[in-house]
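Peer 1: Read off the chains here:
Number of protein chains: 2
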Amino acid sequence: MSKEKNNFSVTPRSQDFNEWYNDVVIKADLADDSPVRGAMVVKPYGWALWENVQKVLDAEFKATNHEALAFPMFIPMSFLAKEAQHVEGFAPELAVVTHAGGHLLEEPLVVRPTSETIIGHMWSKWVRSYRDLPLLHYQWGSVVRWELRPRKFLRTTEFYWHEGHTAHASSEEAVEETLKLLEIYKNFARNYAAMPVISGVKTPSERFAGAVDTYSIEAMMGDGKALQAGTSHYLGQNFAKAFEVNFQAKDQSQQFAHTTSWAISTRIIGGIIMTHGDDKGLVLPPMLAPFQVVIVPIFKSDNQDLMLAEARKLALELRALGVRVKVDERDGVSNGFKYNDWEMRGVPFRLELGPRDLEAGNVVLVSRLSGEKAIVARGEAVAGMTAQLEGFQAELLARATTFRDERIKTADTWDEFTRLLEQGFFVRAFHCGDADSEKQIKELTKASTRCIPLTGEVYGDLEEGVCIHTGKPSAYGKRVIFARAY
Amino acid sequence: MSKEKNNFSVTPRSQDFNEWYNDVVIKADLADDSPVRGAMVVKPYGWALWENVQKVLDAEFKATNHEALAFPMFIPMSFLAKEAQHVEGFAPELAVVTHAGGHLLEEPLVVRPTSETIIGHMWSKWVRSYRDLPLLHYQWGSVVRWELRPRKFLRTTEFYWHEGHTAHASSEEAVEETLKLLEIYKNFARNYAAMPVISGVKTPSERFAGAVDTYSIEAMMGDGKALQAGTSHYLGQNFAKAFEVNFQAKDQSQQFAHTTSWAISTRIIGGIIMTHGDDKGLVLPPMLAPFQVVIVPIFKSDNQDLMLAEARKLALELRALGVRVKVDERDGVSNGFKYNDWEMRGVPFRLELGPRDLEAGNVVLVSRLSGEKAIVARGEAVAGMTAQLEGFQAELLARATTFRDERIKTADTWDEFTRLLEQGFFVRAFHCGDADSEKQIKELTKASTRCIPLTGEVYGDLEEGVCIHTGKPSAYGKRVIFARAY
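Chains as they are written, first to last, in our numbering: chain S, 169 to 654; chain A, 169 to 654.
No lab work stands behind these hints, which were simulated from the structure alone.
Identical chains blur together in the list; that is why a pair holds if it fits in one copy or across any two.
Derived pair list, reagent style DSSO-like, types lysine-lysine, alpha-carbon separation capped at 30 Å:
1) Lys418 with Lys494
2) Lys506 with Lys494
3) Lys468 with Lys195
4) Lys494 with Lys223
5) Lys393 with Lys195
6) Lys418 with Lys195
7) Lys481 with Lys223
8) Lys348 with Lys481
9) Lys448 with Lys468
10) Lys223 with Lys348
11) Lys195 with Lys541
12) Lys250 with Lys348
13) Lys293 with Lys506
14) Lys481 with Lys494
15) Lys195 with Lys448
16) Lys418 with Lys468
17) Lys195 with Lys293
18) Lys418 with Lys506
19) Lys293 with Lys250
20) Lys348 with Lys393
21) Lys293 with Lys494
22) Lys409 with Lys195
23) Lys230 with Lys348
24) Lys393 with Lys607
One chain only, chain S, in its complex shape (with noise of 0.2 Å):
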C-alpha cells in the first residue's frame, strides 16, 4: 500500500509556523512543487478549494453586472514603459518571451504579471463616448512574477486569481466601484472564509505600483502575522492617459476615463490554511470545503457490500439536502488512517457508520474542531447537518476574531510599540505619513504599515497624536495598522 506509507505528524504549529505550513500544503494534498522554480502544482483537493472560491466570487460580480473576459497572457514590452510606477514597481519581476515559431521577436513579449496595460490598449480602440462607459470586466487566469523567496500559495512565480478592470465616467463612480469590490472581499472572506479581515486603505509606500489608492482586506494569521488576502486600486486617470482611453463626454468635452482594478489570488488559500489549520492539519471552513461531510463506512470483506451501499445511501441524502459529501470507500486502508487522512484534508464533520450503528439506526458524528464524537440517530444526523454546518462556519469566525482581537495592540512610545512587534501583535499606533520614516521603521522593526481602516469598520476610530517614529503629528486622522507580513 503505498498510500498507507503516509505519515500525517506534521510539524507543530507553536514550534515552527513556517515548518508546519508547509508539512500542511504538502499532507494535505493542496499542491506540489513543480519542475520550474517557485511554480507550484495546485493538485485536485488544493483546486477544488479554488473553483469554489471561484464559484462564490464569480456569482458576486456577475450579480453586480460585471463580465467576465479574456485579454492575452503576453504583452508587448514597451507598454509597460507607458506608465512610469508601473514598470519601476514590476520590471524586476517579469518573465521574458524572446523567441517564439523558431524566430528572435521584433520586439520581447512580457509574460503579464497584471495587465492593466494590455487591457488600457484594448479599451482605448472600444470606448468612443460616454455611453460606453463604464466598462466592467474581470477575467480568471494566471499571471507570473518572478519570485525570490516563493512559498506555494503565499509566492509563487505564476499564480491564479481574477483580476478586475473597470472604466468609468467621473472618478466618483470609479472610487465607488473601489469601495464596492472592497466590501465584496470583505464580505467574501469573512461570510465564505471565515477570516476576520480589516478593510482599510494602505499608506502611499504600500501602494500598487501605479495606482492613486490602494484598498485592501488584511487578515491576521495563527503566528499573528498579517496577510493581504485581496486589494483593490482606484487608478485614477493614470492608465487612461498612458493609454489614451478617453471619450466624449455629455457635454462634448474630451475627457481621459477613471479606472479601477482589484483581485484575489489563490494566495487566499494560504490565508485560509494559516488562519484555521491546527496540529492535526487543515480545517476548512464549510461554505468552502471540497467536502463538507465525509462517510466512513466500517466494514470487513464479509459485510462489505452491505456498509458501502448504507454509506452511498447516507450520502444521497445528505446530497438531497445540499451537502457536498465524500464516501469513502477505499478498500485495504485501516479506519485510523483514513479518519487521519480527512483530519489532515480539513473536512468539518466526519460520520462514521458501522455494522452495529446500522443495526441501531445511528451514526458517529465527529467534528473537526472539537473531535469528540457523538452518537447520533442517523435521521437527526442528516436533517441537522446544514444547522452543524452552519455552527461551525460561525465557529471558525468567531474563533479567528476572538484570536485577532487579543493580538490587535495600541501603542503610543516606541518601546510598547517595538515589543508589541516584537511578540508578533498587530499594533495600531500614530504615524505622519512620512515615506522614510515607514521605511525605517521596516528596517527596524520588520514590520510595515498593513491599512488604515475605513471609518465605520473595526479598529477605524478618528484619533489624532504624534507619529510613533518621529514625533511629528500624525497623517490620516487615525491610527494605522502596523504588523509583520506575509
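Take the given structure of chain S and dock chain A to it, following the hints.
Peer 2: Just chain A now, kept in the frame of chain S:
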C-alpha cells in the same frame, strides 16, 4: 450615439465565406484582435459562450470521476525533447522565455503548447503502485502555439481549452478512456453545439505528435470544409517511458503506465459560427447561447418606466423556468437597431413587447431561424418557451445533419475524387494507408484524410476496395473521409 454607428451588414456568406466569418466574429462582438500578433481578445459575449461550453463539459468530466487541477504554464525546454516525435511536432510553434527576474535563465522555459511532458514528470513522482492508478486529470487554461496564419477562434497563438490527461495500469483501460472521451465530445457537439460531427480515428500521418492513436470529431462547416472539433489521444506508453511513469503492478512487476490526453478548445466557437451562421450573423444553439431570449420593450419617453417594468416582469417569469433572458433596456437606440443587433448575436428568440401588446395581453415572438413574427398570448409565450427552445435546438441539428449528408459523397475514381473535392464535398474513398500517398493527395487536392469513422458510427461501414490514388488494396477495412480543412 457611438453604438448606432455600427453597421450590421456582413459580407454575404455565399460571396466570401472567410470574409463573412471575420465580419460575424467582429460584429457579433465575440472577439477582437490584440496587439500581440495572432492572439485575440475574447470579448464578454464570446466568453459567455465559452463559459457555457465549459460548464457543460466540466460537469461531464466530474460526473465521470475526472479531477481538475493546475500544472504550471512554463515547461523546461529539455522536457519537450524527451519524447522524440513530440518535440519534432511542436518545436516550430514554441514561445520561449529566456529571461526572468532580470536575469538570463540557465535553461529556457517553453510556454506550454500542451502539457503531456510536465504532467508526465509530475506523475512519475506521484505514481508508485497500481493502487495509485488511474489518474484522471484535467485542467482549464490557455496554451500557446505560434501560428503563421492566425484566424480568430480557429487558429490563435494563444487559445483556451481544457486538456485532459489520464494514466492507467493497462492499455485496455487507457483505450477505453480515450473512446469514452471521444463519446463525450461527440455527444457534446451534437446535443449542445448542434454539430453533427463524425467520430473516427486519424490516419497515422494525422496523429498527434507522440500518440499511438488519435481519435477526433470532425465537423462540416457551412462552406463544406472540415473542422477538427475535438481530439482524444491514446498515447500508449510513449510518454510514460519518456518520463518514467512506472508502477509496481499487482504481480509485483514494474510496469510503465498507459496514458491518454484529450482536448476541446475555443476552436469549437469557430465551429458553431461556421455551422449555423447566416447572412444576418450568428445563430446560436439554445443549449449554449448566453441569452436564449431577448426581450425588447417598445417605449417612448412617456411610457418608458411602465414598459421597462413589464419587460422585467416577463423576464422574471421566463427565468423562473430556467430560461436565460436579456432585457434590452437601452435608450436612444432604435428598435430596428436592437433587432439587428440581437439577430447579429444569434439569440434564438426575440420577444417584442409594446404598449398595444401589453394591453391585449400579447407579445410578438420572433424566431432567429425563420425570422417570422407571431403574435402570441403572453402566458403562452412564457409557458411554451422551453418547448420552443428545444424545437429550435432540434431544428439546428436536423438542418446541419441534412446539409452534411448532402455534401458527403463516395468516389471510386481519381477523377470523381478530385472533382468532388474541388466542389467542396467531403469524399469517402479507399486509401492504401501509405503516408507518402496521403502527402501527394494533399499537394494535388488540398484535401487531407479527416478520419476513418468508427464502426457503428455513420459512414463507418466495413468495406474493402482499391486505393483512390495508388490502386493498391485499401487499408483500414473502411473508406476514409477526405476533405479540405480548417
